[in-house]
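Take these sequences, add in the hints, and give me the full structure.
Here's the letter readout for the chains.
There are 2 protein chains.
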Amino acid sequence: MGAETARADSLAGMDPTTGLPVVGMVGGGQLARMTHQAAIALGQSLRVLAGSPEESAALVARDVVLGAHTSYADLAAFAAGCDVLTFDHEQVPPEHVRALAAAGHTVLPGADALLHAQDKRVMRERLGALGLPVPRWAPVGSAGDVEAFAAGVWPVVVKAVRGGYDGRGVWTVSSAAEVEPLLGTGTPLLVEERVPLRRELAAVVARSPFGQGAAWPVVETVQRDGICVAVLAPAPGISAELAEEAERIALRVAGELGVVGVLAVELFERTDGALLVNELAMRPHNSAHWTIEGALTSQFEQHLRAVLDYPLGSPALVAPHAVMANVLAGSPPPGAPGLDERVHHLSARWPHLKVHLYGKQPRPGRKIGHVTGIGADLDALRRDTAAAAGYLATGSSAEVAH
Amino acid sequence: MGAETARADSLAGMDPTTGLPVVGMVGGGQLARMTHQAAIALGQSLRVLAGSPEESAALVARDVVLGAHTSYADLAAFAAGCDVLTFDHEQVPPEHVRALAAAGHTVLPGADALLHAQDKRVMRERLGALGLPVPRWAPVGSAGDVEAFAAGVWPVVVKAVRGGYDGRGVWTVSSAAEVEPLLGTGTPLLVEERVPLRRELAAVVARSPFGQGAAWPVVETVQRDGICVAVLAPAPGISAELAEEAERIALRVAGELGVVGVLAVELFERTDGALLVNELAMRPHNSAHWTIEGALTSQFEQHLRAVLDYPLGSPALVAPHAVMANVLAGSPPPGAPGLDERVHHLSARWPHLKVHLYGKQPRPGRKIGHVTGIGADLDALRRDTAAAAGYLATGSSAEVAH
Numbered sequence: 001m002g003a004e005t006a007r008a009d010s011l012a013g014m015d016p017t018t019g020l021p022v023v024g025m026v027g028g029g030q031l032a033r034m035t036h037q038a039a040i041a042l043g044q045s046l047r048v049l050a051g052s053p054e055e056s057a058a059l060v061a062r063d064v065v066l067g068a069h070t071s072y073a074d075l076a077a078f079a080a081g082c083d084v085l086t087f088d089h090e091q092v093p094p095e096h097v098r099a100l101a102a103a104g105h106t107v108l109p110g111a112d113a114l115l116h117a118q119d120k121r122v123m124r125e126r127l128g129a130l131g132l133p134v135p136r137w138a139p140v141g142s143a144g145d146v147e148a149f150a151a152g153v154w155p156v157v158v159k160a161v162r163g164g165y166d167g168r169g170v171w172t173v174s175s176a177a178e179v180e181p182l183l184g185t186g187t188p189l190l191v192e193e194r195v196p197l198r199r200e201l202a203a204v205v206a207r208s209p210f211g212q213g214a215a216w217p218v219v220e221t222v223q224r225d226g227i228c229v230a231v232l233a234p235a236p237g238i239s240a241e242l243a244e245e246a247e248r249i250a251l252r253v254a255g256e257l258g259v260v261g262v263l264a265v266e267l268f269e270r271t272d273g274a275l276l277v278n279e280l281a282m283r284p285h286n287s288a289h290w291t292i293e294g295a296l297t298s299q300f301e302q303h304l305r306a307v308l309d310y311p312l313g314s315p316a317l318v319a320p321h322a323v324m325a326n327v328l329a330g331s332p333p334p335g336a337p338g339l340d341e342r343v344h345h346l347s348a349r350w351p352h353l354k355v356h357l358y359g360k361q362p363r364p365g366r367k368i369g370h371v372t373g374i375g376a377d378l379d380a381l382r383r384d385t386a387a388a389a390g391y392l393a394t395g396s397s398a399e400v401a402h
Numbered sequence: 001m002g003a004e005t006a007r008a009d010s011l012a013g014m015d016p017t018t019g020l021p022v023v024g025m026v027g028g029g030q031l032a033r034m035t036h037q038a039a040i041a042l043g044q045s046l047r048v049l050a051g052s053p054e055e056s057a058a059l060v061a062r063d064v065v066l067g068a069h070t071s072y073a074d075l076a077a078f079a080a081g082c083d084v085l086t087f088d089h090e091q092v093p094p095e096h097v098r099a100l101a102a103a104g105h106t107v108l109p110g111a112d113a114l115l116h117a118q119d120k121r122v123m124r125e126r127l128g129a130l131g132l133p134v135p136r137w138a139p140v141g142s143a144g145d146v147e148a149f150a151a152g153v154w155p156v157v158v159k160a161v162r163g164g165y166d167g168r169g170v171w172t173v174s175s176a177a178e179v180e181p182l183l184g185t186g187t188p189l190l191v192e193e194r195v196p197l198r199r200e201l202a203a204v205v206a207r208s209p210f211g212q213g214a215a216w217p218v219v220e221t222v223q224r225d226g227i228c229v230a231v232l233a234p235a236p237g238i239s240a241e242l243a244e245e246a247e248r249i250a251l252r253v254a255g256e257l258g259v260v261g262v263l264a265v266e267l268f269e270r271t272d273g274a275l276l277v278n279e280l281a282m283r284p285h286n287s288a289h290w291t292i293e294g295a296l297t298s299q300f301e302q303h304l305r306a307v308l309d310y311p312l313g314s315p316a317l318v319a320p321h322a323v324m325a326n327v328l329a330g331s332p333p334p335g336a337p338g339l340d341e342r343v344h345h346l347s348a349r350w351p352h353l354k355v356h357l358y359g360k361q362p363r364p365g366r367k368i369g370h371v372t373g374i375g376a377d378l379d380a381l382r383r384d385t386a387a388a389a390g391y392l393a394t395g396s397s398a399e400v401a402h
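These protein sequence lines map, in sequence, to chains A and G.
FYI, the UniProt record's numbering numbers position 326 of the first sequence as 326, with every residue one higher than the one before it.
FYI, the UniProt record's numbering numbers position 154 of the second sequence as 154, with every residue one higher than the one before it.
These are calculated hints, taken from the structure and not from any lab test.
None of the values given here were measured: they were computed from a predicted structure.
Glycine included, C-beta positions come from ideal geometry on N, C-alpha and C.
Hints are all accurate, no fakes.
Partial selection, computed: residues in chain G whose CB lies under 8 Å from chain A: (1) T17; (2) P21; (3) S45; (4) L59; (5) V60; (6) R305; (7) Y310; (8) P311; (9) G338; (10) S347; (11) P351; (12) H352; (13) K354; (14) H356; (15) G359.
Derived contacts from chain G toward chain A, CB cut-off under 7 Å, selection only: (16) T18; (17) G19; (18) L20; (19) Q37; (20) I40; (21) E54; (22) S314; (23) V318; (24) L339; (25) H344; (26) L357.
What follows is the structure in structure tokens.
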């Protein structure tokens with residue numbers, strides 16, 4: 001009996017209509033929404049565990065189960081209808097992930113891998129042990145720990161070990177007094193050196209259960225106030241050596257941790273040119289949304305291929321450059337056009353750009369969509385995607401960031 | 001009050017969650033399925049009127065209404081929940097399309113335009129009156145009409161005026177006797193000259209309500225037994241003049257008929273190099289499936305843009321060539337791998353190709369998916385897509401068409 005047969009036998013059920021295994025994603029955000037979009041081409045219909053019927057993916061997927069990702073009962077009931085379980089976010093309690101696997105469900109990435117995207121302390125310790133470059137860091141139990149770590153050199157960066165994203169759970173502090181309010185919230189903290197940054201990069205790869213790896217080009221993630229506003233693919237002006245080093249780090253992390261699916265490794269490029277690993281995500285990631293148009297295989301399709309144990313698709317680029325700009329909802333001025341009118345105007349002004357809207361209510365600062373452009377002129381793509389995303393966010397060209 | 005405001009006011013409802021108009025598509029086939037996929041990026045969730053929950057689009061869309069496209073009551077109830085109504089096929093009775101518009105629903109393409117894709121006789125008469133090139137033809141009331149039309153030169157082609165597709169409703173006949181069984185079925189017939197063919201082409205365009213047009217490059221549609229097996233984009237070796245003529249014909253048809261949405265004009269390229277219009281379709285069409293990967297704007301997104309009255313997206317190519325091969329279900333030999341295993345093997349062998357599966361039961365001859373490749377090497381793309389589609393159809397590489 002070959003490996004292929006063994007694999008088929010191990011699948012729980014297969015969808016009786018399509019004859020294909022059923023993938024379930026825990027979380028109903030935009031990543032699940034775009035994964036469902038990719039799933040359709042593969043003959044699939046993504047099953048989604050969503051917290052409410054208004055969540056981004058729940059608005060477009062047929063197979064939506066309502067439930068709490070923090071409830072083991074909800075997770076187990078959801079898993080019972082799936083051949084493979086995967087995740088739209090890192091918020092499922094690690095003990096539940098472990099229990100699902102113990103109950104016989106196929107969970108990918110597995111609990112041991114996923115923990116490194118859920119717990120920054122575990123991640124820092126493991127990567128350090130592997131000899132991979134990470135910022136200088138220390139656990140924090142008290143304000144004194146931070147003071148000792150800083151050793152007079154301020155500011156330093158305090159981070160929540162769990163649960164932070166998009167700039168949340170990260171604080172730049174300039175004295176021990178500033179640490180006090182962060183303690184005692186029940187969230188363990190760590191402290192890191194403030195890295196002298198040239199820019200931030202991301203190396204996004206995918207890994208299959210058999211260990212096949214595929215890497216998209218390393219990208220630059222342009223940050224504003226701790227939130228990624230744009231992604232430039234490939235990272236402009238990056239040397240072949242540095243790009244290769246970033247890819248090597250990402251593939252090594254994927255392999256050592258046994259990741260299955262997409263792995264995004266957020267990197268600092270220090271002013272002296274060295275790379276340090278900042279964060280890990282084990283799911284489709286904002287820094288690779290550009291792959292929908294810019295690569296032969298999108299990160300969403302690739303994540304599905306990996307968790308379905310299909311060989312990975314080609315990550316080759318289809319254009320010299322791709323630029324993605326996030327649409328961060330603004331406060332539309334009085335009388336600003338509604339979303340429908342904004343898409344209308346955007347289409348007229350930028351017929352070459354691709355719009356992605358997530359169906360989310362536009363609370364200020366919330367990521368409600370993105371805009372991607374591909375082509376040969378990087379400067380024009382940066383300008384156009386920034387202008388289009390800014391316009392979509394507020395309906396006001398005055399707030400457009402150039 | 002500007003045109004924009006008037007337009008917004010004319011929309012029935014807007015989805016309360018997304019603030020966007022609701023598009024409803026009548027018909028739950030693969031075209032609706034892929035239109036839903038494109039709709040997701042535009043912040044939409046396509047509403048689908050499907051005949052059964054097992055139809056291709058019903059397997060993946062959230063907003064599925066079950067009903068019969070031949071029932072006015074079902075159509076009207078469906079339309080009540082939509083801002084715009086459009087179609088996955090031509091089978092809705094023309095009188096129902098007209099009645100829906102009369103009842104105040106926005107129906108795109110409109111009844112007057114759509115009739116030309118539903119009734120070959122109406123289409124032939126109108127195109128002839130416009131001076132556009134069509135095959136020599138005549139209406140058929142009796143076998144004698146066919147005999148008179150042939151005037152001793154056989155074979156000729158008899159076609160059902162309504163309801164034919166994929167080679168159905170088309171008969172090549174070599175005598176009046178062969179016509180007899182086709183009469184009296186209640187379907188009006190017409191007869192056409194058998195055109196001496198170099199090849200078949202398709203010119204696919206889109207037109208917005210404001211009259212904006214956008215054309216993808218003219219493609220070659222490779223036929224076998226009256227069914228399109230592959231599409232080559234752009235049509236290999238086509239002269240700039242002929243390509244321009246084909247595009248001009250398609251844009252003129254779209255304008256003269258007042259089409260809104262995608263219009264596919266199937267063309268014969270005669271052995272003497274002249275073009276003749278064969279068929280019209282006013283919806284996304286098999287001959288433009290390649291646009292999903294091969295063009296900046298896919299036909300599915302473009303159809304939505306048009307019916308939503310958004311300015312059209314750029315139809316520019318993203319690669320020198322795109323080739324699409326249809327997956328026509330075969331009769332898998334005993335012990336052939338199942339669909340899941342076939343996708344697995346296909347992915348390993350052809351990581352650069354894109355698979356699209358429609359979730360349809362694989363009855364022999366049925367179109368259950370397609371495979372697309374983009375790149376610079378046309379011959380390799382033809383070979384690989386044909387082999388991959390053949391393998392996906394049967395699980396047997398012996399049946400692969402090269």
